[in-house]
Structures are given as structure tokens and as C-alpha cells.
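Residue numbers (the numbering used here), protein chains in the order written: chain F, 406 to 770; chain R, 49 to 838; chain C, 0 to 247.
To be clear, the hints were calculated from the coordinates, so they are not data collected in a lab.
Don't take each hint at face value.
Claimed, not checked - Just a sample of chain F residues kept apart from chain C, beta carbon distances all over 10 Å, derived:
1) M447
2) K517
3) A732
What the hints assert, rightly or not - Short derived list, chain R residues pointing at chain C, Cβ under 7 Å:
4) Q154
5) A194
6) F209
7) M380
8) K623
9) E694
10) A747
Claimed, not checked - Calculated lysine-lysine pairs in the DSSO-like style (CA-CA distance at most 27 Å, straight line):
11) R:K715 <-> C:K20
12) C:K246 <-> R:K633
13) C:K20 <-> R:K633
14) R:K630 <-> C:K6
15) R:K630 <-> C:K49
16) C:K20 <-> F:K744
17) R:K715 <-> C:K7
18) R:K231 <-> C:K246
19) C:K6 <-> R:K623
20) R:K210 <-> C:K64
21) R:K633 <-> C:K6
22) R:K746 <-> C:K115
Remember, it's a predicted structure, so these values are computed and weren't measured experimentally.
Where is the CB? At the ideal position from N, CA and C, for every residue including glycine.
So you can see what is in the structure, the chains are spelled out below.
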Amino acid sequence: MTEMINTLMETVMSNQVSIPLIEPMLDSLPEIPMLQYMVAFMLWKPLFALLICPGLTVGGITLLFFPWIERKLCGRAQWRVGPHEIVWWLGGVIQLLADSLRFLFQEVIVHKDAHRPYFLQFPFLSFMIFLLPLLFIPAGTIVAIQTPYAIQIILALVCLFPLFILGLGWASNSRFAYIGTVREAFMYFAYEIPFIMAVIAMIILYKTSDPLLMASRQSIPGIILNPVAALVFFIGAAMATGRMPFEIPDSDQELCAGPHVEYSGIAFGLIYVLCYEKGYILSALMTILFLGGGSGPAIAGLGELSGVFWFVVKTYLVLTTLYMLRAVYPRYRLDQGLKLGWSPMLCLALIGLAISLVEVGVMAI
Amino acid sequence: MEETEKDRNIRILHSGVFTPLRRWATKWSLWPCHFLTSCCGVELAHTGACGYDMERLGTLNMGISRQANFIMVEGTITRKMARALRIVWEQMPDPKFVNVIGACGQRGGIFWNSYNITRPSDIVPVDFFIPGCPITPESLLRGVRAVQEKIEGRDNTTMRFKHVELPSGDGEQEQNRAPTTPKIFAPTPLVRVDVSRDADWAFGKDMVKNLKAQLNGLYTSITITDKNRIAIKTMPENLVETSRKLSDTMGVDHVKSVNVIDVPHERKFMVEYMVSGYTEELMPVILTIFTEIGREAEPEITSLASLWESANYSERELHDFFGVQFKGNEGMKGKFLLAPDTPDTPLRKDFKLEEEHYTIEEGVPLTPAITPPHYTPPSSSSSYSEFELEDLKMPTYEDVLKEAEKNDEFVAFIGPHHSGSGHLRWVMRMKGDIIKDVIPDPGYVHRSMEKIAENRLYIQNVPLTERPNISDPINMNLGYVRAIENALGIEVPERAMYIRTIMAELSRIGAFFYDMGIFPLFMGHSTGFMYSFAIREMVLELMVRMTGSRCTPSFIIPGGIRRDISDDVLDRTRKFTTAIYKRLKKYENIFVYNPVLISRMKEVGVLTREEAIRCGIVGPFLRASGVEYDVRKAEPYEVYDKLDWEATTGDAGDCLGRIFGRLEEIKQSVEIVRQAVDAVQGMPRGGVISEEILGDYKAASDDIRGYLYNVYGNLVLPKGEWTSVTEAARGTVLYSIISDGESNVPYRVRIITPCWMNLRGIIEASKGERVADFWTVYASFGYFPPEADR
Amino acid sequence: MKMKRMKKVVGPEYNLSEKIKTNVYAVGVAMQESVYPHTMTVFYPKERKKMPDNYRGFILFDPDKCISCFNCSFVCPANAIRMKEAPNKRYYPTVDYGRCIFCHFCIDSCSSGALKATKIHDVAYKDMDEMFTPTEEMIELPEITREDKKYVEYEIEEDDLHLKRTKGEDYLFVEVPQPKEIPMVSTCIDPDSCIGCRVCAEVCEHSAISASVEDGGTLRMKIDTDECTGCGLCVKECSMQILRLVKK
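When you get a sec, could you build the whole thing from the sequences and use the hints?
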């Protein structure tokens, strides 16, 4: 038994997040065995990645505060203030907490024509599935599961998302949900191929698909090495998350939020944060592929947390840019979105691929 | 029973372990399901826009019933809309709250004796009532605060009156007799629409000669009733032939108005078509072709819709109102504007509205009792969609459904409560992503304006006529007031004319910004909405300083305006003409010239010149299709001919053309305002009401305060039909007042609003476009349901 | 026919360079505004917009000035004003705010200045029955729930709109001068046609009309020009339409 614990502790201790700033504190921890173990577990890299960053804590903070940041920023650009009165000295920062609690406590209506089991399952299921890519995304050097195929796995999971939206729409059994679902399916085909090609371009460029190695090979950030692929990826991300110029499936004014028109209560609450979750994952992916992951000037005392810090900052930057699109653009029509996906973006993705190949060739020479 | 329903939501909030959390979360997260049935929706938009920003309080506007927990009933709930309100309320998850905003939803406001309204409080449990017509954004937010406090447990009216005892008197006074109604209805009036009048109009005299030659044998009489107005009387059997002759030889190409006048004591209906043509000579002229038919149970007349498409919807509307069958019009089955349970043929004279009471009497209720529309909760056996269609008592278009199924088409029923179409129902048939056909089902905001108008004094109709469209109130008023002034032959003082022009143009700017603010919303572009409502907020600021009310000034009265405007306000208006450009520039850059937007509007919803005329669309939308018709140029009124400005026109006829045309018109309007303000500032103050109409009260010529009723209470118009056309923001608004020369109330008022005429154009323009384009087309026409339904 | 001058509006060119330019402009505006926003929000519950003095809000009433002429009730387009008999047997107005549309035609018809406008407009009622306001409650300025500490004015300057914030509570009632006095008096234009129905005397709130039997047994109505307020009720009610309002 003790041996097992010791082996476990050894594994845990060998893979610790090193934070010089709090090391003296850790050393001076009182001799309570459980506490030490707990701290050690928390600082175990896989668990740290899962629970803190990029996992549940940072993810949760993102989901709780990014809608607020979006509303505030858009409000600012729109000559108003956004959420404000709730805790006004903090500018209404806990607005989303109130919203989500309200959803939690509100009645969930399952209407008669809905497919009851799927109608209730899909919001929760999709929320879970949407969390999975976080396991493979490294924040700086910290990652839950390190595999050389991480990027491919993330891509595969990301491409699974629309299936769940289709499920939501199908289970709703409503005309608007039906139209929205069909649109979602169309849009999915439109962005998926250029999007994947942009990622492949970067994999070719870095000659690896291990996100940690990718980050280390970006002495020059990927966005400068291959701006075309970055543009395609960004537009693809906007399409995938249904951000403004491409908010075609769940267009509020036409289809009353499309696939999720019939959802209420916590089920809608989950769907509401779903696109923010998707945005978070894609922004993290963009950070890894094009912005050098967690690389950045080391901050004294933070140790490995410095990488985490830069990762979060970059991700949030991408996320903010993605959300600011809302203040700038109206929505495309379905056929225009499809056209954009199938022609200019596909061409650009091919060009991006070519750039990568040329650069790899030049470097080889 | 209703009471428990009302308290149930609070009880839900106050039960369970997490009560404080529940209460706190609900308090700060009231998402209103906007129910913008009518005018108050304009102010709701202002509350949501940057002027007040409702989102500050956590109230994020959400059009979807399942996700909202708060209904704000903005304005009238008509009988047609009532079931929709109940269903939306039922669809919302508990706990939910309802605020009723505006007088229409309380005791009916100005529409209190309308035949088509209900009271929301009979239909759903209401938490708070907010008075106003329309409410201001501040009082709307006060309502939100009141609900928030109610959630916290303080359920109070936010106003406390102080009770002061009235003087008791010395007991010697005797009881006075209460006076009777001030309205005089002539019992058997002589109703004529072709009262001859000498007008200094040489062209008209030639034209009458010409007409007489052309229509030989078809007409009974041809009269010049006023300048630019000719009445042609014909027999019912000759109506079609006459019209065809006019259309073929004279170039008459559109119908401005269709009207039916009920004359019960002569056992006849008069049916009149006001027609005109968009040729250089005919533009200002209105030819009234009228005929008389017997007043049987099922009166019949041949429809002219096949000749002039623009008469189609008006004929269907009149079929609802009078029960007159227009043979040949396809829409004569069932009702078009009215709900199934509104009284049949309500505009016939034998249908009487509730009488007004001027004193509080025992046993007389404050308002007439209204039976709420029948509502049955869905039975467990019926599926939801069946229930929805049956219980809404809306047309289900069975034949359309069958035909669509045969052709492998998809049919969507959109509205009447939809986050993006206003209160209008559309049945959209689509094949793939292409719209095959759109069937409109209007009338959800039909508030029986015309019936009410013939039961009120002339002066009381001034506030009434601006209610159809409070985003453009001055122009709506101006038309009505000009018709009266024309009938009485009153000259308006020059200063008043200039001020009226300033206000009309400000109102036009405001209406354009309203349309161009709603348009971005339909495209999902909230920034465009905010920016244009910011500019509109400036316009309203000027309005409130001029008139004392943000949206419903009721400021233009026959003979002038209610009171003179201070120099300070004129100064501000002058500054506004330069200040607007800064924000307008930003609005253009972020919205109008946005490449995404341009790609969505260009060559979408194209109406060619011929199509536009055939559908009878009016205003800037007609001009965008290349017709050079602007009432302000064709038949100048007020001081438009003294100012230097240009009307706009375009060729494209697509959504982009309609938007750019109006953008240019805004700039022209600003120019008009600037010139007019400069002119007014150079004029001596005072004298803004015509002394002819004031009579003994000449001293009140700079401010009517104190003598409004004394001067206007007993206004009687000379016998005949008085028609005025005015260029309102969204197009030509036509008022046709028929006076019997004895009563101090109009015998009949016909109001043709631009949106009603544009409805046909929206349908035509959206056929063959993609589904998402429907909203582009719809919004590019600036369709405003209360204005269309009247 | 006047020469028409119509300006032809042509949409923008839509080529690639234009697309890029407009994209940059749109993004530029959004960036610029998120850094230096031209915010124009009024934080309502905490501050309120200062309404101009001619603002049309709730209505106050002064029974001492009222001459019970019914004009407010007659002119009200929504029939929200109905007269109620007070203890002194005079008719005074009541307002039903469930119908009032705030057009203030009543105030503009009140020649004695008994009705006055306030700037109160932000009120929420719990119950529809409360919205009926009897005369007794219209006399003093009611108290409303207020959370405002500041008031805001929209100042339209030549360049742009600016918000001017001032600490303190905005006043809600402005005393306005009395309307101009135009003294009128009721006279009988054709006493011979009088049928002696006495409606005019019965309807007169100031007992200015009295009946007297003249020599020969004819009934004559006498109008006391000092007592007559010129309200016009008798003129309206006269069944023979022989009364007129004339200048005093």
C-alpha cells in the first residue's frame, strides 16, 4: 500500500509545475500529510492542466466572464455601457453569474413534439464533449495528455461539434430549428475543409503535430510565417463558433436562434455558453498554431506559470478579437457564407498550404 | 383565480433552499420577451439603445419566449393578437413576469372604445402597469425596477398620492345638471363627395373637357371638387369600363385609395377609387371615380384589382369593414385585417361604439366591458402544432399546405410574435432556400382608427392620427390638419408654416433613423441599431424641447401650431444640423458602407419601375425604383417650394437603392431644417395660429393655452370630401375626410398610410429571393405594422 | 408645371479595393469607439434626464381656480377626464391614467389655469384600479419613488452631442404663468325664441343664469354678466341654440 502511494507520489513529484514564487511557501507548509499530498496533486502537471489551466478553472472563468467582456466591449463600441447596475462598482462583472443561476433555477420545458430523451441529453452531452479537447491543449508546457497526435485529436473533436448542434435541432422538432439545423450542416461543410487545410499547413511547417514542440519551433510566430493560413483559420473559427458575419444557423431575427429555439432553463444556459466554449478552444488552438503557444518573455518568479500566463493572455486576445466582430459586421446570407467557404477560403487555404511547403523547402535548402 | 396565477411566480421564487440566490439571480436577469405590438415598441427600442441602455440592469432583450422570463406588453393587444400573447406567456418557463406598458394595454388609451382591442390584464396576469402614451424610456425602466423590487419582496406602486379634502361648500348650492355630449351628429345628413368648388385651375378645366370626351356615355357627372381633385360619378356597371378607359388613354396607373361610405338612411354605399398617374401632368391630380350601390345584405361591385393591382389589399380590407363583395378579387373569403371574433362589418353606421361619459355616475363602469377572446388550453391528445393552428384562430391556409406538399415545398408560419418581423404574420412557402411565395396576414395591430375617427371631434382626432406612426408623428398629423385647413380655407401664418416644416423634416429624419436602426437589427448588426438610435435620440431631444413630448407631440393643430417655439430651441436645432454629421459619418462607415451589408443588399429585392407602380408602393421606395414622385415637389405644401433642396431618385430599385435613397434624403432634410431655421430666426416672434380660426380668441395667437376647446371644439367642415396627400417619411399618406356640413364630427375618415400600400411591394420584391433575404427586403421597406394596420 | 429637380442616387462601386477600404473603415470605427467611446447613456435609476419645462407629464389640479367648465372633459381624446361632483356640488375633474395619453389638450383648454403640468412620468402601478385618480389626489404634487442623485442634460453643440451632468435632484413641477385672459360672456341673441326650458340655468355652475317672469307672463332668462365665467356650457346646452359667447 505504502509502496503504491510512494510510486504514485514519485510519478506526481517528478512532473510538478515549478513555481519559484510559491516554493518557499510550499516548503514551509505545516507537516500535515494530507495537505502536502493535495498540493502535490494539484501541482501535478496533468491534473493542473485539467483542473486549472487550460482546464476547468480558466475555462470556467472564460465562460463566466467572456460573455460579460463581449457585452461590455460591444457596448462600449456602441456608445453605451453594457451590464452595469449589478455590483456597479465592478461594472456588472458578475452579470453572467446571475444569468446562469437564473437559468439553473428556471423551469426546463420539454414540449410535446420534442424527442424527449435526446432533447434533454444533447445539451449536457455536447457540453461534456466540448470540454474534451482541453485535455490535449497545452498551456505553456503544461498539458494533461501529451501525444504527438494532439492536434489531429483536437481537430477531430472540434469537427464533432456540429453533430451535436444537429442533434439539438433534430430533437427540438420545430420548423425554425429545422431550418437552423440544415443551415448549420451546410456551414459545417463550408468551413471544415479550409479550416483543416490551414491546420495541416501549420503541421507541415512545424513538421510535428505535438503542440508543445510546435510552440517551441515558433521562434517567429506562425502568423508571420504563414499569414494566409492564419487568416483562413481565423475566419474558419468565426464560422465554426457562429460569430457575427457567420451567425447564419442561429440567426436571432430570422430563425429565433435556430437549433435552440425550443430550449429553456439550464438546458439553454448550457447551449448559451457552448459557443463561448467552442470559441475558447479554437482560440487556444490558434494560440498554439499561430501565436507561439505559451512562449513569451519569462516573468521572474512564475516559473512555468509564466507560460500559462502568456498562453491565457494570447488566447483571450484572440477571443476578444473574435467577439469584437459582432460590433463590426452584420450577418451573411447562407449562400454567401457557403460561397465564401467553398471558393475564397478554399483557395486561400491552398495558398497557405503552398506557402508552408515552399517555406519548408527553402528551409531544407 | 387570476390572482393566484399572478402570485404563483413569486411563490416559486420564495420556495426551496436557495431562495436568496434564486431571488438575486432572477432580479438581475430579467430577459424581456419583447412584445412590441405597437407604438410603445419605439420607446422600448430607445430604452434598449444607447440612450438608456436597458442592458445595464441585466435586462437583455430576447425575442424568444422559451428563454425569456419577462414580458413587456408594449401597447395595444388587439383581438387578433390576444391569443398569441397568451400562448407566448404559456410558452415561457416559470417564474415569469408581465409588465403592461402604455395606456392602450390598460384601459385602452385613445382606443378605449375601439371594436378590436382587448385588455392584456384579462389575458395574462400582469404585475405592473406603466402609464403613458407612449411611455418614456425612464418609465419603462421604472417598471423594470418595480419588478426587481417585487422579486425582493416589496410589491408597491411607485407613486404615493397626497389626499387633500375638497372644499365642502356651504351647503346652499344646488345640484347642477350634468351637461350632455359636445358632439353633434346630424341624424340624416346629406353625404356628397362631389361638391363642386370653384378652383383657379385651368389645367383641370381642360382635363374635365378631355375626360368628358373620352368617357362619353360612361359617366354620370364629372366635377372639379377642388384644385387638383376631380370626381367622376359613374354607374356600377360602367365602373370597369371607365377605369379601363382612364388607364388606357390617360395614363392612370395606380390607385391611391379605395373607400366605401355607408349612407344607411339613403340605403346606399358609395364606393370610390382615388386614382392617379405618375406622369408629369397627372402627378398632383387625384381622380375620384365613384359609384353608388344598394345597401343590401351582400352588396356587390366589380373589383378593379385586376386592372390596378394596388387596389387589391384595400379592397380586401373594405370587404372586412363593410361586407362589400368585390367580385373578381380573390381574397373575398374570410377576413383579412380583422380577427374571427371581432364584430362583422364594424364600419357600417349601424354598428355603434361605446358612448363617452363626461361625469362619474354611479353604476357606470370606467370603461366598457370587453370580453377577452376565447382561449382553450391545449388538450393532452392534440399535438402542439395542431393546437397552435386551431387555437390561434388564424387562417391556416389548408390549400396552401396541400399544394406545397404536392410541390415538395416547405411552409413556415412566421409571426405574429417573431423576433424579427414585427406584428405581422407571414406564411412563407419555400423550395430549398428560395422563397416561392409569401402570404401576408396583417391586422394584428388594427386598432380601428377610421371608426374611432368618425366618432370624435375634429380636434380630438389630432392625437389619434399620429398614433399609427409615432416614429413619424408630425407628418401623420400634418396630413390630417392640412385637409381641415384646406376645407376651411385657412391661411396659416408664415412663421407657423416654417416651424411646421422644421418639425416635419425632423420627424422625417427620426423616422428614417428608426427604419435604418431596425434594419441593422434584422441583419444582426446591433452597432448600426445603436448608432442610428443615438442620432434619433438627438432628434427626440429637440422634439421634447419643442413640444413637450418625445414621440407624440400632437402639436400641429388646424391653423398653425399649439405654441411658439423658443429661440433657445431654434438655436439647438440649428446646431443639430451640423452636429448630426459626426455621428452620421460613423454610422455610414460601420453600417451602410459595410461590405457584408452591401453584398447582402445589392441586387436583392429588385422592383423595376413598372412593378413598383403596379404594386402601388409609395415614397422613397417608389423613388428608388426610378419614379420621380415626391409630394413635396409635385404638390408643394408648407414652405417646401420656398426652400432649396432636391428630392432623390434612383434606378436600381433594390434594397441598396432604397437605403441609399433615404440616406440622401436625410441629408436633404437636414438641409431643409437648416434653411428653415435660418428663416425663422429672422422672423418676429408670435402669431403662430391663424386668426381666421381663432375668431374671438385672437389674443391666443401665439399660445393656444387656455382656449383650445373653445376655439376648436365646434369645428364643422363644409360639406364634401376633403383629400390631402402628404409626403410622410415612408411615403404618401392620404387623408380623405368626408363631412356632411352639419356635424362637428367627420362623417368618414379614410386613412391610407404608406406602409399599407408598401405591403404589396414587399411581397413582390421578396418572391424568388433567398429565405434570409426576406428580412432584408422587409426591413428595407421600413414596414411598421401599426402604421399599416391603422 | 414646375421644373423637377431630382437627385439621382447611385450606390457605391463594389470592387476589391473598395471592399478592403470599407472593411478597414468599419473596423476602424469599432476600434476607435471602443477606445474613445462617444457614450451617451443616461444611467436612469441613478440619474434622470432633465426634461424641459414644457414637458407633458402627470396633471395637477387647483380647485380654487376651476370654473367647472367641462372643457377638459370634452376635449379629452381618450375620455380619460370625467367630472365628479365634489361636496360643494361643483364638478371637478378626475383623471384615469389608464387612459390618459398625455396630450395635455385638457391643460390647453383650461382657461382658468386650474390644470397644471408636472414633469412626473416614470411611475409603475401595481393595480389598474389605482390608476384612476380622484380629484382629491390631484391637488398636491405626489411623491414618487426616486433613486436619482444627478440629472443629465443633452447639450447639442455644433460639433456633437454632449452630456452635462449636474448633482442634485431635478425639480418635477414648474409653475407656469396663467393663460392669457380673454373674458367672454354668454348672451342670448334671440330672446324671443326662448322656450323657457331652463337648461341653461340648471347647467350653470355659477348660478349666473336665473329665470324671471316678465310682464305678460313670458319667461325670460337673465344672465348675470358679473357671475358669468364664459365657460360656454349654457351655449352648448341651449336647446334652441340662441346663446352665444361674446367678448365682455
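For each hint, the structure was consulted:
1. M447: 37 Å, holds
2. K517: 35 Å, holds
3. A732: 5 Å, violated
4. Q154: 4 Å, holds
5. A194: 4 Å, holds
6. F209: At about 4 Å, which falls below the 7 Å cut-off, the nearest Cβ of chain C leaves the hint on F209 (chain R) intact, so it holds.
7. M380: 35 Å, violated
8. K623: Given a least distance of 5 Å, the restraint on K623 (chain R) holds.
9. E694: 4 Å, holds
10. A747: At about 5 Å, which falls below the 7 Å cut-off, the nearest Cβ of chain C leaves the hint on A747 (chain R) intact, so it holds.
11. R:K715 <-> C:K20: 23 Å, holds
12. C:K246 <-> R:K633: 57 Å, violated
13. C:K20 <-> R:K633: Holds: K20 (chain C) and K633 (chain R) sit about 15 Å apart, inside 27 Å.
14. R:K630 <-> C:K6: Given that 27 Å is the threshold and the Cα spacing comes to 23 Å, the pair holds.
15. R:K630 <-> C:K49: 24 Å, holds
16. C:K20 <-> F:K744: With a Cα-Cα distance of about 22 Å, the restraint between K20 (chain C) and K744 (chain F) holds, given a limit of 27 Å.
17. R:K715 <-> C:K7: 14 Å, holds
18. R:K231 <-> C:K246: 24 Å, holds
19. C:K6 <-> R:K623: Distance of about 26 Å is within 27 Å: holds.
20. R:K210 <-> C:K64: Status holds; Cα separation ~19 Å.
21. R:K633 <-> C:K6: Satisfied, since the Cα-Cα distance of roughly 20 Å is no more than 27 Å.
22. R:K746 <-> C:K115: 23 Å, holds
Hint compliance for this structure: hints 3, 7, 12 are not met, and every other hint is.
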